[in-house]
Amino acid sequence: MTVHKRSRIGGTALAAAAALLLAACSSSGGGSGSATASGAASGASATSGSAAGALPSLKGKHLTVLAEWTGTEQTDFQAVLSSFEKQTGASVSYQSGGSNTGTVLQTKIAGGAPPDVALLPEPGLITTLAQQGAIKPLSAAIQQEVAADYGPGWESMGTVGGKLYSVVYKASDKTTFWYNTAEFNQAGITPPSNWTQFLADCQTLSDAGITPVSVGGSDGWTLADWFQNIYLSEAGPAMYNKLAHHQIPWTSPSVIKALTTFGQLLGNQKYLVGGDAGALQTSFNNSVTQTFTTPPKAAMVFEGDFSATQITSTTKAKIGTDAKFFPFPGPATSSGASGGSSGFVQVAGDMATALNTDPATMELIQYLASPAADAIWAHEGGYLTPNKLVPLSDYPDATTQQEAQMLISAGTNVDFSLDDLSPAAFGGTVGAGYWKDMQDFLKDPANVEGTAKQLEADASKVTWSS
Amino acid sequence: MDTPAAAAPGPGEPPDSPVPGRQPGSAASATPTEPAVTEPARTGPAPTGPAGPGKAGSSRPKPDQPRPSRPKPGRLRPAKLRPSSQGALHIPLRVRFGFLTPAVVILLAIIGWPILFSIWLSLRNADGSSFVGLHNYVSIFTDPSTLTALRNNVIWLVTAPTLACALGLVFAVLAERVKWSTAFKIVIFMPMAISFLAAGVIFELVYQADPNIGVANAVVVGVHDVFAPASHYPNAQPRSTLGYRSDKAGYTSPDSYTAGSVATVPLTGYSVLDLPKSAAQAVTAKPVPGEITGTVWLDLVYGGGGSPGRIDPGKKGTPGITVDALSGTTVVAHATAGADGTFALSGLRPGTSYHLALPASDFSQPYAGLSWLGPDLVTPAIIVAYLWIWAGFAMVLIAAGLSGIPRELQEAAKVDGASDFQIFRKITIPLLAPVLLVVLVTLAINVLKIFDLVYIIAPGSTLPTANVLAVQMWSVSFGGAQNQGLGSAIGVFLYLLVLPAMYVNIRRIRRERRES
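Sequences listed follow chains A and B, in order. Under this note's numbering, the final residue of the first sequence carries the number 466; numbering is consecutive throughout. Under this note's numbering, the final residue of the second sequence carries the number 1516; numbering is consecutive throughout.
Okay, chain A solo, but in the shape it has when bound (with noise of 0.2 Å):
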């Protein structure tokens, strides 16, 4: 609806002589001069029906785009859209929703006035706004892009009933896990490969009078991805699914195992910087900062790989030296060759999805798929993408290079945040459900059973889409 249609521009040889003339007449200030070069320069490339790179015009359309960055990141985002902009003529007004992106949508869409592209970190919201029809499938054109530059496990996170409905845009590597190399050094070892060796590592550290790991606790989702890299490599891809659409309980013995095994690091007091009291009031942002800063108050520190810029802008540790990763560790019997230690990634991402049919809508989803729009970003850092024909070079340093590789060569080993994947009102909401009874078991971490049947007894409450 908010697309305006006018003229359309089909026709090669007319497309340079009908760019001029808009452009002489257009109201949107789109930068006349070089919107008529390129317009009339991606109209001729149009033709020759090439997928990658080529833009076709889209001069007098309005599109309205809405995500939740902020700051420097939508800075960068508006970016790659501005390039957007230059190569069609179309004119893209970039809105954020902040942190409550799903809610402004959803609140957007009630009201009858949707944005044309809304990128969204929840699949579970995408689910249920794909069943209630009110976004729509990808084109054909994008179908085959996402088929040629993304893994199959990214491929099959956006589809939705055997359509394709969300491309990801940006995605966040959720199974590194940080830590301060002059600790490590103190304490003389090397980053564990499984979670025995981990166990162990920690016991040294805190022999050498360091406190092994910072725990976020205060921020109910750092428990989650926790507990959920743990699931992850114990139980497999293939339970974890079925537990993110809640076809197994939470009180199955998979659930049991993992959280016993979270058990071994938070029943121990020694462990945790402040114990489990002081963990439960560190934010995520103080758990990564505290880490690194001078005195470290820890060794090491788990979250995605967006805690890089935590420690960049709030201590003076230097990503790559001061500040390595290491992927989760997992179990110690499974030996796995890419992603995790034992093979998965647990990845977060904004995935793009189409409020309408337009073609402009499409064009652009399509844009943000391609590695052209990957790369925009990816050189200003803070950005990682899953698109297998953006080259590693295109990304600042050697940890991000890193990360990126881990996207990439999990394959189907890929799973987003189970979190994100279930229902709002019980892995999305502060103070309640799946994220509270992971702090509960923080402060009671003998607790298995009881925080399972908790766990159950939450998510019994709420309505799970299939």
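What the hints contain is simulated information worked out from the structure, not anything from laboratory work. Check before you lean on any hint, since a few could be wrong.
Claimed, not checked - Covered stretches of chain A (in silico footprint by chain B; criterion: 3 or more residues with CB under 8 Å from a CB of chain B, positions within the stretch not fixed):
#: 1; segment: 100 to 106
#: 2; segment: 153 to 166
#: 3; segment: 181 to 194
#: 4; segment: 210 to 221
#: 5; segment: 360 to 372
Unchecked claim - Taking beta-carbon pairs under 10 Å as the criterion, some of the chain A residues facing chain B (in silico):
#: 6; residue: 74
#: 7; residue: 199
#: 8; residue: 204
#: 9; residue: 207
#: 10; residue: 248
#: 11; residue: 282
#: 12; residue: 290
#: 13; residue: 435
Model, not experiment: these values are computed from the prediction. Here a beta-carbon is modelled for each residue, glycine too, at the ideal position from N, C-alpha and C.
Place chain B on chain A using the hints.
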């Protein structure tokens, strides 16, 4: 205020009107351009309407109909438009309703309709698709998290307004006694200038657990450490594989020693970087007849390595650590480790075996302060933040009330020999009662809808403990669950809770109006 204005028109206004050109200032300059178009339109059938286009002088209003010709519509005061007893002014009903309409429409659209819509939503399910009757209201009283919120609202309602009022009273009375009362009042009132959100962020920092960040804990830890200094080797312990028994008193060695033997006490759990500068390379103690000698050292080298339990090169003594000789449970000898970690326990009976004990005072963890935002203290901590903001407000209102109290009463009481406290208790407080009631009721309404401070200060882990209804309303509606039915029910319930306070306020305003 109304009454004199309404009575004024007949005799008060006209005199300046019949003299053209005499009016000073804006009135005179406005005359020539008198809005001929707007004026008649606004006043309807007012007789001066047709005279508008005439010359300035001739269009002057006649003495008996002054009001409709006021130069600017903005000056029209409703009070003056009331038909006087002489019937000098008559405004038709439809015009009056015409004036009322915009206000009524706006009120209905932005207040009336939302209330009705909320009530309607509160009777429906999470996404508003089906009717569920009073189910949502039942949930308020059965859902444990909403009940916690309700309980906290009661705590807030009972404590916060009363404390703010009491503090305001104390400050107001104190401010009367000091010379620099204006400065004092400004300082106390200053937090009102800060938004709740900013105040929340400030207090979130104040209550941080880390004494290096949170000023509250910095004070608590500072005071505590004056009376109970921190231990020398916090968290250190004998190497865990050696089987030292640990209890509240400290660590006891599994082996027993007799006079003349040499003991080794390897410690771990303490960073080699934190050792005191005096610490020197640990050495094995020499046996001395009649004494138990030994070494207590940090059994670690930087970068790992070394053999556990052995005094390798690079391992340093832990000077200052106390080592006791235990016979049964009584301490019979006492020694302190030197720079190289060696100690000697003397005065022992030969042939008797002793256990070594390391008192806990050497290893106790540094005092971490209070967990302000932990489950026990979070609500009181947030209430303190609230008082910081609102005590100034209470003080200003009460100080205004105080200045209105007739001094004679207090002076008379003083002459009669009443003490300061008696005067305060028996004269000042009763006379201030109406003001105190205003403050209490205003703060009560304010406290019932408290949201920002709780939402910002309480960390995610204790938000369920610190929950209040307004936060719960937001959480269930927008914080993930998207249950706007339950959220609306909580909103309506909150509205009902505010009604009694509003009733008290309205009744008071009515009475005041009547009295004046």
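Going down the list of hints, with the structure as the test:
Beta-carbon proximity to chain B at under 8 Å applies to 3 residues in the segment 100 to 106 of chain A; the threshold of 3 is reached and the given coverage holds. With a cut-off of 8 Å between beta carbons, the segment 153 to 166 of chain A has 0 residues touching chain B; three or more are needed, and the interface restraint is violated. Counting residues of the segment 181 to 194 of chain A whose CB lies closer than 8 Å to any CB of chain B gives 5, so the stated coverage by that chain holds, three being the minimum. A count of 5 residues in the segment 210 to 221 of chain A with a Cβ less than 8 Å from any Cβ of chain B is obtained; the coverage claim is therefore met, three being the minimum.
As drawn, the segment 360 to 372 of chain A meets chain B at 0 residues by the rule of a beta-carbon pair under 8 Å; below three, the given contact is violated. Annotation: interface hint on residue 74 of chain A violated; nearest CB of chain B at approximately 21 Å, more than 10 Å. Among the interface hints, the one on residue 199 of chain A is violated; its C-beta lies about 14 Å from the nearest C-beta in chain B, farther than the 10 Å criterion. Of the supplied interface hints, the one on residue 204 of chain A holds, with its beta-carbon coming within about 7 Å of a beta-carbon of chain B, less than 10 Å.
Using the Cβ-Cβ criterion of 10 Å, the hint placing residue 207 of chain A at the interface with chain B is satisfied: the shortest such distance is roughly 4 Å. Proximity of residue 248 of chain A to chain B is violated relative to the hint, the smallest CB-CB distance being about 23 Å (cut-off 10 Å). Interface restraint check for residue 282 of chain A: the shortest CB-CB distance to chain B comes to about 8 Å, inside 10 Å, so the restraint holds. For the restraint placing residue 290 of chain A at the interface with chain B, the shortest Cβ-Cβ distance is roughly 8 Å, inside the 10 Å limit, so the hint holds.
A distance limit of 10 Å between C-beta atoms decides the matter here; for residue 435 of chain A the minimum to chain B is near 7 Å, and the interface restraint holds.
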